[in-house]
Each structure stands twice: as structure tokens, then as C-alpha cells.
Amino acid sequence: MSDSLFDRIGGEGAVDAAVDIFYRKVLADDRISEFFDGVDMDKQAAKQKAFLTMAFGGPNNYTGEDMRKGHAHLVARGLNDSHFDAVVEDLGSTLAELGVPNDVIGEVAAIAETTRNDVLGK
Amino acid sequence: MPAIEFEGGQYESEPGESVLDCLTRHGVSVNYSCRAGVCQSCMMVAVEGKPTPVSQLGIRETLKAQDHFLICSCVPETDMTVAVPDRAGSLFETTVVSLDRLSADVIRLRLARPENYDYRPGQFLNLTNAAGISRSYSLASVPELDDFLELQIRIVPDGQVSSWVANGLQVGDSVTISQSAGECSYVPGREQQSLLLVGTGTGLAPLVGIARDALRQGHAGPIHLYHGSSAVEGLYLVDELSAMDRVHENFQYYPCVSRGAVPDGVRAGRAADLVLQDFAKLPGWRAFLCGREDMVKGLQKKIFLAGASMQDIFADPFIEAKD
Ligand SMILES: Cc1cc2nc3c(=O)[nH]c(=O)nc-3n(C[C@H](O)[C@H](O)[C@H](O)COP(=O)(O)OP(=O)(O)OC[C@H]3O[C@@H](n4cnc5c(N)ncnc54)[C@H](O)[C@@H]3O)c2cc1C
Ligand code: FES
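For the protein sequence lines, the chains are A and B, in the order given.
The letter at position 100 of the first sequence is residue 100 when you use the numbering used here, and the numbering goes up by one with no holes.
The letter at position 91 of the second sequence is residue 213 when you use the numbering used here, and the numbering goes up by one with no holes.
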């Protein structure tokens, strides 16, 4: 399976390269930054890494239930589709910055999209 | 909900509850201090069941491999059987070599370095008082340069461990310390990198260790050390650090005071603000931030947004013990 999305994108190394850029974009994004106020950055960075690994089609053990539980407090604070869209957009521009081709970005966005309902508790 | 088994008892956890909260809610007495995954005094071993990744952040790789984890930071996903780790090899008896005041409320405590005691300057250890209560203190000494362990301890009024140090300890007394822990230390390599060291209060302790260690190892890039205090009287080691600044071309020391008039050579303002004023962009920098939790957490985020990589920011918040 050397042609899995995770391998094509560059595996673990790609996640490491992307996590800084992605997390910085998210924190600086006025549309969503308030959801990160007061969170522990080290723990949050570990979660971003797990999220990117999953979105890149890599090995992960996220379940829909984890997603629901993990975001329920944010949904209570008003997390909605527009915020989800902003995160997907930041993810896309992170990958573009790293020189990932458009069709591959599309594949990543499609995986991220599969978590929308669980993240938003729908 | 997952059940926790500990020393023969079975305890049902509630949704979102940590292993520590579950045990204490059931009246089980266990060690802890910060409740925030920092001090490591609540470390246990998972005999059965798997610790969550978050509960293993920052602990030694060797211990991680043996399923050690921090019970204050683990919301169990499965049933677990947990146990207090074998303390043999992780606790050390040592003696007080010297005790002196660096300022009105900061004590420098030097302990004999036990044989086989490995540490990196900037890491912390847990010091246990006569009543068996432990608190974390950072190491300002450098193993290759000093044959003692140096701690700089701010006296907190009625503080269980700090006041015991101030009022109860004497040269020659024997005390118990833990193995060192923590990621806040200088790792050689990339010796041209710019280093930013920012500390408030006794947050200076790990930074002194880190700066001396980096210079000892031939770090060639600039090293900027900011020490913040609300009042001039809170600054300490001013002469020593000023001397280091004169001797080492690449070492800069900035004492900062946020309130009242400041004497010559001291900067007016909060250290965290002055840093960002002096350096708006920090890509490629390595930063060490120590001391008050709000300063450390706030600056960590700002430094990251200014371009430093997450992996290059070492944040060491001195989180107080929580009931
Ligand atoms: C990783 C780490 C490294 C640390 N390194 C150092 C160090 O190098 N030097 C150092 O001096 N401390 C350091 N600390 C803080 C130290 O561990 C203790 O929290 C501190 O000494 C107070 O402990 P105590 O037992 O004396 O007071 P406690 O008995 O815990 O507290 C007594 C009362 O004082 C309050 N209190 C506690 N701390 C403060 C404070 N700072 N200001 C105002 N009120 C307070 C408490 O809320 C409580 O009400 C570090 C903490 C951590 C987590
Ligand atoms: S790390 Fe758990 S109580 Fe401090």
C-alpha cells in the first residue's frame, strides 16, 4: 500500500511540517481564534497533530464518539458550520504553502469533511 | 463509565473525570500537587488498561515505555488498574550544603549532588518537606560545573514547603528529592540559533542553569535573558548576570521592572511586553519561558504567533498546588 494518501503526502514528516503552520493559521484566524483562548498549547498541539494525521489518511484511532465528546463544549459556545469551514480552509492553505498539489488537497479536505457532523454534534 | 482499580479497591469514574479526581472523590489519598500535568507528583503505572496520550506528555521516554502516566491528566477511556510506581531509584536522600538569601524573599538552597544523580539544568525536581508534602523546584546548577544542586525558592507566606525551607531547614540537614524531570533544558546542536530566555520571579532559576549550560557547550548565537519583577527589590543575581553579560559577547541580560521608578540599567515594563517590543518576528528562535503561569502561557502563544516553532518553545509554568 505504498500509494496511500498518507504516504503520498509524505507521512509523519509531512504532519510535523504542517502542524506548526496549520496551528499558527488557526490561532491567528479571527473567525475561530476565540475557541482557543485559554487552552493549553502543548496539549492542543498534540491534538492538532492527531487531527492532521487523521486528515492525511494516516493511522489514527479517532471515533465519531471521540469527536462528539471532544467538541461538545465548543458547540455549546456556538461552534457552527462557518467555523468548520474556516478550519478546512486553513488546512487547505497550509498544504498549498507546503507545495501539496491541488487534487491531493481535495482528498484531505474530503476526509476532514467526513468529521463535520460529529464535530458539530449533528 | 470506566472503573479504576487501585490497591484492591474498585472505583467507578464519572464522565470527563480524571483518574485523580475519581480516586480523591472516593476518599482515596494519593500524591498530587499541580493537577495540571506539570509537576509529575501524581505519576502512576497502568498495570492494566491504556493511559491516554495526553497523560504521558512530558514524562521520560523510559517511563512512558513502562506505562507510567499522570493521573491528574488522564480521563480513562477503558477500565484501568493503577499502582504507585516503585520509588526505588527515583527518590534520593541528600544533605543541605548551604542556605542563603538572594533577596528579601528568595532563598538559594544548595544540596549535595547524590551519586548517579543525572539532570539537565532547567529541569525540576520534587522536594519533600518534613510532613511528606512535595513541591517542584527548578535546577539552576550545571552538573559539569557544580558539585551541588542549586534551587532558588521564593518564600510564599504560610507556604507548606517554601516556608519549611525558610524556617525549618539548616545546613547539614537531610532531605528527600525526586529524580529530575521536564523538557525545559538546553539541547546542543544548532549553535547559531538565537535563544530567548524569559522568566518572572524565581522563574530565573532554570534560566540561569540553561544560560550557563548553553555557554559551556559553546552556543554561538545570541542569548537574550529577560528577568521580570514587579518591583526593583524582586530582582536578584543582578551583579552575577551583569558580569556574565560583560564577559560573554553573545549573552545579553535585561532586568525588567513593571512598577515604580527604575534605576539605571533596569528596564521599565513587563518582561513579556518588552520582549515582543524588542523582537517582533521570531522565526527560527528557541525560547524558554519560566515562572508565573499567566505570563508563561500568554507569552508562549505570542512567541508562536511571532513565528517560533512549537517544538522550539519550552514553557515551564510554575503552577501552584491545587486542593
Ligand atoms: C515545574 C515547576 C517548577 C517550579 N520551580 C520553582 C522554582 O524554581 N522556584 C520557586 O520558588 N517555585 C517553583 N515552583 C513553585 C513551587 O513548586 C511551589 O508551588 C511554591 O514553592 C509554593 O509551594 P508551598 O508549599 O510553599 O506553598 P503552598 O502550601 O502550596 O501554598 C500556600 C498558599 O500560598 C498560595 N501560593 C502558592 N504559590 C504562590 C505564589 N507563587 N504566589 C502567591 N501565592 C502563592 C497557595 O495558593 C496557597 O494558598 C515550581 C512549580 C512547578 C510546577
Ligand atoms: S502532574 Fe499531576 S498533579 Fe501535577
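Hints may contain errors.
[What the hints assert, rightly or not] With a straight-line Cα cutoff of 27 Å, these simulated BS3-like cross-link-like pairs (lysine-lysine) come out: (1) A:25 with A:43; (2) A:25 with B:419; (3) B:403 with A:43; (4) A:49 with B:186; (5) B:403 with A:69; (6) A:49 with B:403; (7) A:49 with B:172; (8) B:419 with A:43; (9) A:122 with A:69.
These aren't lab readings, by the way, just hints derived from the structure by calculation.
Computed from a prediction, not measured in an experiment: that's the story for all the values here.
Results for each hint:
no.: 1; hint: A:25 with A:43; in the structure: holds, 17 Å
no.: 2; hint: A:25 with B:419; in the structure: holds, 18 Å
no.: 3; hint: B:403 with A:43; in the structure: holds, 24 Å
no.: 4; hint: A:49 with B:186; in the structure: holds, 19 Å
no.: 5; hint: B:403 with A:69; in the structure: violated, 37 Å
no.: 6; hint: A:49 with B:403; in the structure: holds, 24 Å
no.: 7; hint: A:49 with B:172; in the structure: holds, 20 Å
no.: 8; hint: B:419 with A:43; in the structure: holds, 12 Å
no.: 9; hint: A:122 with A:69; in the structure: holds, 12 Å
Going down the numbered hints, you'll see the structure goes against just number 5.
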